[in-house]
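Please model the entire structure based on the sequences and the hints provided.
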Amino acid sequence: MILNQTGQGSSVFQLLIAAVVAIAILSVLFGVLDLAKFFNVGQDPTTAAAETLKGAYTAPSNIKSSRTSLFNFDTTLNVKGIAAAAKGGPQADDLCLTLGDFATNNRGFEFITDGKALRYKGSSPAQARIDVICDYGETELGATLDTLNMRDKLQMDMCDFSSAVADAEVCIISLRIAR
Numbered sequence: 281m282i283l284n285q286t287g288q289g290s291s292v293f294q295l296l297i298a299a300v301v302a303i304a305i306l307s308v309l310f311g312v313l314d315l316a317k318f319f320n321v322g323q324d325p326t327t328a329a330a331e332t333l334k335g336a337y338t339a340p341s342n343i344k345s346s347r348t349s350l351f352n353f354d355t356t357l358n359v360k361g362i363a364a365a366a367k368g369g370p371q372a373d374d375l376c377l378t379l380g381d382f383a384t385n386n387r388g389f390e391f392i393t394d395g396k397a398l399r400y401k402g403s404s405p406a407q408a409r410i411d412v413i414c415d416y417g418e419t420e421l422g423a424t425l426d427t428l429n430m431r432d433k434l435q436m437d438m439c440d441f442s443s444a445v446a447d448a449e450v451c452i453i454s455l456r457i458a459r
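Residue 347 in the numbering used here sits at position 67 of the sequence shown, and the numbers go up by one each step.
To be clear, the hints were calculated from the coordinates, so they are not data collected in a lab. Heads up, some of the hints might be wrong.
Claimed, not checked - Below, in silico cross-link-like pairs of lysine-lysine (BS3-like), each with a Cα-Cα straight-line distance of 30 Å or less:
1. Lys334 to Lys367
2. Lys367 to Lys401
3. Lys360 to Lys396
4. Lys344 to Lys433
5. Lys367 to Lys344
6. Lys396 to Lys367
7. Lys344 to Lys401
8. Lys360 to Lys401
9. Lys367 to Lys433
10. Lys344 to Lys334
11. Lys360 to Lys433
12. Lys433 to Lys334
13. Lys401 to Lys433
14. Lys396 to Lys433
15. Lys360 to Lys344
16. Lys360 to Lys334
17. Lys334 to Lys401
18. Lys334 to Lys396
19. Lys344 to Lys396
Quick look at the structure:
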């Protein structure tokens, strides 16, 4: 028995080849799109935090969010560096840094100094957004966060503003899961 090229077996084989090629093309396409998203992260965390801090400092009681930032292995973020990069904004004593969304499942983030400095120790790069909210004094900031129902999410209770000048504008800088 001889099968010619127009037989039933030939069309099934051609469909199988077309499906394999389509899957290969989709795999490459999804890989490129994922890499494009990965490389779209434009700011390092300190720059993102400083720029977001400037916006929040001039608009008290409003949460400001950064673009997605990339944390590579051993990336550190600290309030002194953020305050210096913000140039003219709040002082380091007026800032509190929290793990935010990463507090319950830190995904490689760890504090070097509670509320003041953290480091990323994960095995692969992590993406995070940085939220900042400022207000006039710890009491006002707490009241604002209560109104927004964000006290727990931004971890206000772990912040120590005792070194801040009384009624100075204080700010929480919090890591959030990038969406």
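Here's how the hints hold up against the structure:
With a C-alpha separation of about 9 Å, the suggested pair Lys334 and Lys367 falls inside the 30 Å cut-off, and the hint holds. Distance hint between Lys367 and Lys401 is fulfilled; the C-alpha atoms sit about 28 Å from each other, no more than 30 Å. Our distance criterion of 30 Å between C-alpha atoms is met by Lys360 and Lys396, whose separation comes to about 8 Å. Taken as a hint, the Lys344 and Lys433 pair is honoured in the structure, with Cα atoms around 15 Å apart against an allowance of 30 Å.
About 18 Å separates the Cα atoms of Lys367 and Lys344, which keeps this hinted pair within 30 Å; it holds. Annotation: proposed proximity of Lys396 to Lys367 holds, straight-line Cα distance about 18 Å (limit 30 Å). Of the pairs offered as hints, the one joining Lys344 and Lys401 holds, with about 26 Å between alpha carbons and a cut-off of 30 Å not exceeded. Under the criterion of a C-alpha separation no larger than 30 Å, the hint pairing Lys360 with Lys401 is consistent with the structure, at around 20 Å.
Restraint check for Lys367 and Lys433: the C-alpha separation of about 28 Å stays at or below 30 Å, so the hint holds. Restraint check for Lys344 and Lys334: satisfied, since their Cα atoms lie roughly 9 Å apart, inside the 30 Å limit. Using a Cα cut-off of 30 Å, the hinted pair Lys360 and Lys433 holds, with the two alpha carbons roughly 23 Å apart. The suggested pairing of Lys433 with Lys334 holds, with an alpha-carbon distance near 21 Å, which does not exceed 30 Å.
For the hint pairing Lys401 with Lys433, the CA-to-CA distance comes to about 22 Å; that is within 30 Å, so the pair holds. Distance restraint check for Lys396 and Lys433: the Cα-Cα separation of roughly 17 Å lies within the 30 Å cut-off, and the hinted pair is therefore satisfied. Distance hint between Lys360 and Lys344 is fulfilled; the C-alpha atoms sit about 20 Å from each other, no more than 30 Å. Taking the CA atoms of Lys360 and Lys334, the gap is about 14 Å. The hint holds against a cut of 30 Å.
Annotation: proposed proximity of Lys334 to Lys401 holds, straight-line Cα distance about 28 Å (limit 30 Å). A C-alpha spacing of about 18 Å is found between Lys334 and Lys396, which places the hinted pair at or below 30 Å, so the restraint holds. Pair hint Lys344 plus Lys396 holds up; C-alpha atoms about 19 Å apart against a cutoff of 30 Å.
The structure fails none of the hints (numbered hints given earlier).
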